[in-house]
Structure formats: C-alpha cells, structure tokens
Amino acid sequence: MTGSAPRNDGSPGSAESAPRPHVSSDLADDELLRAHAQGDPDAFAELFHRHRDRLWAVALRLLADREEAADALQDALLSAHRAADRFRGDSAVTTWLHRIVVNACLDRLRRRQAHPTVPLPDGHARSDGGAPTGGPEPAAPAPDHDTALVVRQALAQLPPEQRAALVLVDVQGYPVAEAAQLLGIAEGTVKSRCARGRARLAVLLGYLRPDRSPQSRAVTVPSVTPGNLAARTDVTSGSRAARDGSEEEE
Amino acid sequence: MSAGEFREVDHDLLADYVGGALDDTGEAAVVARLIVADPAWAAAHMALTEATRAVGSDLADWGATPEPMPSEVADRLARALVDANLRDAPSAAATPPKVGLAVVPPAPGRDGDDNVVRPRRGWPRWAAPIAAAAGMAAFAGFGLTQLTGGDRPARDNSTAARDTVGPRDAQEDAPAVTSARSGSPQFARRPARVVSSGTDYGPGTLKGLPDDTGRPRYASPLTATDAAQGSFPAVPRALRPLADDAALAACLDAVTTAHGRGPIVVDVVDFASFQRAPAVVVAFTDGTAERWVWVAGPRCGHPGAGSDTRHHARVG
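Residue numbers (full-length UniProt numbering), protein chains in the order written: chain A, 1 to 250; chain B, 1 to 316.
A portion of the hints provided could be inaccurate.
Covered by chain B, per the in silico footprint, the following chain A stretches (three or more residues, Cβ under 8 Å) [said to hold, decoys possible]: (1) 42 to 51; (2) 72 to 86; (3) 162 to 176; (4) 193 to 207.
Hints listed in this document are in silico derivations from the structure and should not be mistaken for laboratory results. Every residue, glycine too, gets a C-beta built ideally from N, C-alpha and C.
Based on the sequences and whatever the hints tell you, model everything.
See the structure below:
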C-alpha cells in the first residue's frame with residue numbers, strides 16, 4: 001500500500017478561472033522559487049499554479065472541510081511565500097511545499113482536538129462534541145458516493161498523525177519515504193502509523209469486529225490503540241535521518 | 001522477547017507486523033514465530049491482513065477520485081498571493097527581473113523612480129522587451145564583457161566590478177538566496193568569462209582552462225540572447241540555478257572562502273562537468289599570484305554547502 005507515485009488529483013480544466021502567471025513554464029520548481037526569492041512577482045504564482053491541485057487534495061482530505069482546507073492552504077502558501085529564501089534545496093520544492101501544507105493542516109487538526117469543533121455537512125462548524133461528520137462534500141463527486149463518505153467519516157475519527165500518514169500514503173499515493181520527509185518522521189514511524197491506522201479503520205469500516213465473539217468475522221483486533229504519537233524507538237527502518245531538512249519547514 | 005512470552009495477541013504489534021513497520025527488526029521474526037505457533041495469533045493475523053487489504057483498497061479508491069481545486073478557492077489563493085507580493089514588495093523592488101521570467105511592466109502608479117520596479121496588482125498579461133533587456137544585463141554581467149569587448153582581465157576591481165555584475169542595487173540588496181553571506185563578496189569582481197564548454201574535465205585536464213592571457217578558449221560563451229531568453233542549452237540542468245548572477249556570486253564567495261588565501265580574481269567560470277558529474281569549474285588567481293582551478297558541485301554557494309568542492313588544483 002505504498003504507491004509508487006503520488007496520484008494526480010487535478011483534472012483538466014480545474015480552477016481555470018484563475019489567471020495563469022506569465023512566467024516561463026520551462027523553469028524548474030527550484031528556479032521558480034529562487035526567482036521568487038529574488039523578487040520576481042510571478043514566479044511563486046506559477047509554482048502555486050503548478051501544484052495547487054495536489055496541495056488542495058492533501059489539505060482537503062486531511063481536514064475534511066473545504067473552508068478549513070482553503071484557510072490552511074492559504075496560511076501555508078503565505079508562509080512558503082515569505083520563507084522562500086530559507087529553502088535550502090535539501091528536498092524538492094514540491095516536497096517542501098507539501099510539508100508546509102501538511103504541517104498547517106496538522107496544526108489545525110490538533111487545535112480541533114484540543115477544542116473540539118467538527119464541521120457540519122453544510123460547511124459550518126459546531127462545537128457540541130457530536131460525532132464527526134467529515135464535513136461538506138468535495139467539489140468533485142466520488143464515483144461511489146457512499147463509500148467515499150464513509151471512508152471520510154472513519155478517517156476523521158483517527159488521531160491526526162495516523163490520518164496524515166494514511167492520507168499521504170494510502171490515499172494520495174506518496175511513497176513511504178516521501179511521506180516520511182513530508183511529516184518529518186522516520187519511515188518506520190510512517191509505516192507504523194499507517195498500519196495501526198488501517199487496523200483502526202478496519203474496525204470503523206466493519207472489516208473487523210471490535211470484540212472477540214466467536215461468530216465475529218475477525219477474531220481479534222479489538223484494542224488497537226488510538227494512536228502512536230511517539231515514534232517507535234525499536235523500529236529500525238534505516239531512515240532515522242528522516243528529520244533532516246525539517247528546519248526548512250515554516 | 002521470545003515467542004513464549006506471548007499469550008494474548010498484541011494487536012498493535014501485529015498491525016505493525018502486517019504493515020511492514022517491523023521489517024528488518026528482530027521483532028518481525030518473533031511475531032512470525034507466534035503466528036505459526038499460536039492459533040490466536042494466526043487467526044488474528046489472517047483477519048487483520050484481509051481487513052487491512054480491504055481498507056487499503058477503499059482508501060486507494062477514494063484517492064483515485066480527482067480532487068481539483070475549485071475555481072473559487074484558486075481565485076482566492078491567487079489574490080492572497082498577489083496581496084502578499086504587494087506586502088513583500090521591498091525585495092522585489094530592489095531586484096531586477098530575472099532571466100527567463102516575465103518582466104514587470106511599469107506599474108500605473110509608479111512614483112517616478114526609474115530604477116525601481118513596483119509589483120503590480122493582478123496578474124501579468126504581457127512582458128516588456130525593454131525591461132527584459134535590463135533584466136538580462138544583470139545575469140549576463142560576467143559573460144557580456146567578453147562579448148562586448150573581450151577586455152583583458154583587470155586587477156582593478158572597482159569600476160569593472162560594478163559594470164559587469166549588474167546594477168549596484170542588485171548587489172547591495174542581495175536577494176534572499178545570498179542573504180546568508182557575510183559582508184561583501186570576497187572574490188574580486190572583474191570581467192570574468194562565463195562559458196559553457198561542454199567539456200568533461202578530469203584531474204588531468206584542468207590545465208586546459210584558459211591561459212593567463214585571458215583569451216577565450218571556448219566557442220560557446222553564454223550570450224546575451226541566451227540570458228535574455230532564459231535558454232542555456234549547454235548548461236547542465238543541475239547547474240542552471242547557478243547561472244543566476246547572485247547564485248554564482250555566492251558560489252564564488254564560497255570558493256574564495258574554501259581556498260582560504262584572501263580575495264581571488266576569477267578568470268573563467270565554466271558550466272561543465274567533472275568526471276561526468278555536473279560541475280562549475282572556476283579558474284582564478286589568488287593573492288599570491290598562483291593560478292588555481294576549483295571544481296564545485298551544483299550546491300556551491302548554498303548555505304551550509306560551502307563550495308561543494310569536488311576537486312581543486314594549482315595550475316600555475
């Protein structure tokens with residue numbers, strides 16, 4: 001379940017109402033970022049244009065709320081806009097951008113946990129502590145509307161760290177190594193968060209019964225812990241250095 | 001830990017095992033033995049494997065659904081970036097337009113300062129050829145002198161330096177990528193040739209760099225047209241970021257620092273390769289009149305990367 005390449009979330013014609021900046025589309029991402037840092041007023045907009053659909057998909061699927069995703073993305077883009085001169089080139093520009101977006105989303109998820117407010121299907125939030133609904137529908141209708149809705153609702157019940165790992169790896173298709181870079185954690189921790197998140201989702205989605213009843217289709221897995229917030233120190237995947245470059249984060 | 005220690009299924013551990021988080025650890029073997037030896041572990045493993053496969057499939061199906069950014073969100077974010085450009089105008093205003101990028105036309109509200117380009121509201125619709133020429137000059141400073149007169153390297157680094165590196169504003173208000181540099185560049189700014197020879201150098205061929213007459217040996221200096229159009233066909237892609245004047249200046253500073261003998265006078269910069277790896281080959285004369293060739297990698301001048309030295313040798 002570690003996709004070989006991130007999925008393309010864009011579709012032709014999406015968001016075409018936004019004017020495209022007039023900079024050379026031949027320039028590589030790092031050249032655009034450098035140009036922006038050196039004062040070119042269009043370079044960052046070209047970067048945004050280039051990556052916006054994938055960034056949007058990550059934010060929306062992490063936060064499950066359009067308005068909040070837009071807010072997080074705006075915060076992240078403005079941070080990146082300001083911090084471009086601190087980009088050292090240790091990772092790809094797109095990785096750097098995604099990391100800033102993921103961090104902005106995680107901040108919001110953690111705040112949401114600390115002060116529970118859950119989005120309603122109409123896009124408004126409530127603070128009554130009710131069950132998460134997963135927020136409003138995405139812009140594009142899913143082929144299997146019910147499945148997508150159920151999956152979103154189940155994901156919303158996971159701890160932010162597990163949700164982020166699963167969204168990046170299983171939903172967006174990022175390789176584990178890249179997800180580790182984005183999250184600033186070791187690859188083994190990404191695998192662990194994904195594994196435990198899947199197990200928990202399996203219960204939430206009904207693939208496993210949360211009890212030990214003999215007739216249960218699943219004999220076990222009743223007690224998958226809510227989260228594994230701390231990195232496993234005993235998991236050695238050879239990527240202890242995954243935090244390298246995290247200082248580029250905003 | 002041994003297999004005998006387990007009587008109840010450790011579901012977190014089992015999930016880690018199924019998800020590959022225990023790969024290459026001793027625990028993986030322990031869990032594997034438990035699955036073989038203990039029916040409870042075996043049943044749990046089978047169920048979890050099947051269930052997580054189904055979960056993975058659901059998540060992948062969901063992920064396969066395109067999620068393009070809605071136009072209203074794209075518009076909102078684009079406006080926010082335009083506003084941010086206006087707020088962050090100082091760095092943009094002091095820096096000439098960069099090679100290969102759209103050039104900022106005079107903004108309607110400019111205040112008469114011809115040397116300052118204001119960021120404009122809204123998206124650019126066109127590029128200004130006149131401004132393009134000005135922007136090009138900033139980049140091509142190193143190479144242009146060769147094209148426009150081929151003047152012999154001068155030890156005086158005052159006037160020539162200002163003329164060849166670009167507008168003074170661009171140097172003094174160095175853009176962010178060079179802001180980490182301390183003080184003024186240490187290499188003596190003077191007409192140096194920037195070329196892209198396509199040569200793959202090795203330790204034994206570095207002396208093939210230019211002789212002390214300063215005559216160019218290469219037929220493919222970076223031209224003004226190249227710079228203006230942002231096309232550097234002969235420059236290895238990995239080195240293209242260094243074809244920017246500020247980045248190159250940072251690199252040359254790093255080389256100067258690495259050399260450690262005070263200011264240097266750069267004779268030639270060749271965007272080439274060294275032992276088949278993209279490299280900037282810099283020929284210079286140091287304060288003791290020794291001639292050196294320094295081979296730097298693509299990260300030359302990056303903060304923390306120093307000169308990214310691949311090789312260096314005295315050649316004269």
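Hint check results:
With 5 residues having a beta carbon nearer than 8 Å to a beta carbon of chain B, the segment 42 to 51 of chain A meets the requirement of three or more and the stated coverage holds. Against chain B, the segment 72 to 86 of chain A contributes 9 residues with a C-beta closer than 8 Å to a partner C-beta. That satisfies the three-residue criterion, and the hint holds. For the segment 162 to 176 of chain A, the stated coverage by chain B holds: 5 residues have a C-beta nearer than 8 Å to a C-beta of that chain, and at least 3 were required. Interface restraint, the segment 193 to 207 of chain A with chain B: holds (9 residues with C-beta to C-beta distance below 8 Å; minimum three).
When the structure is compared with the earlier hints, no violation turns up for any of them.
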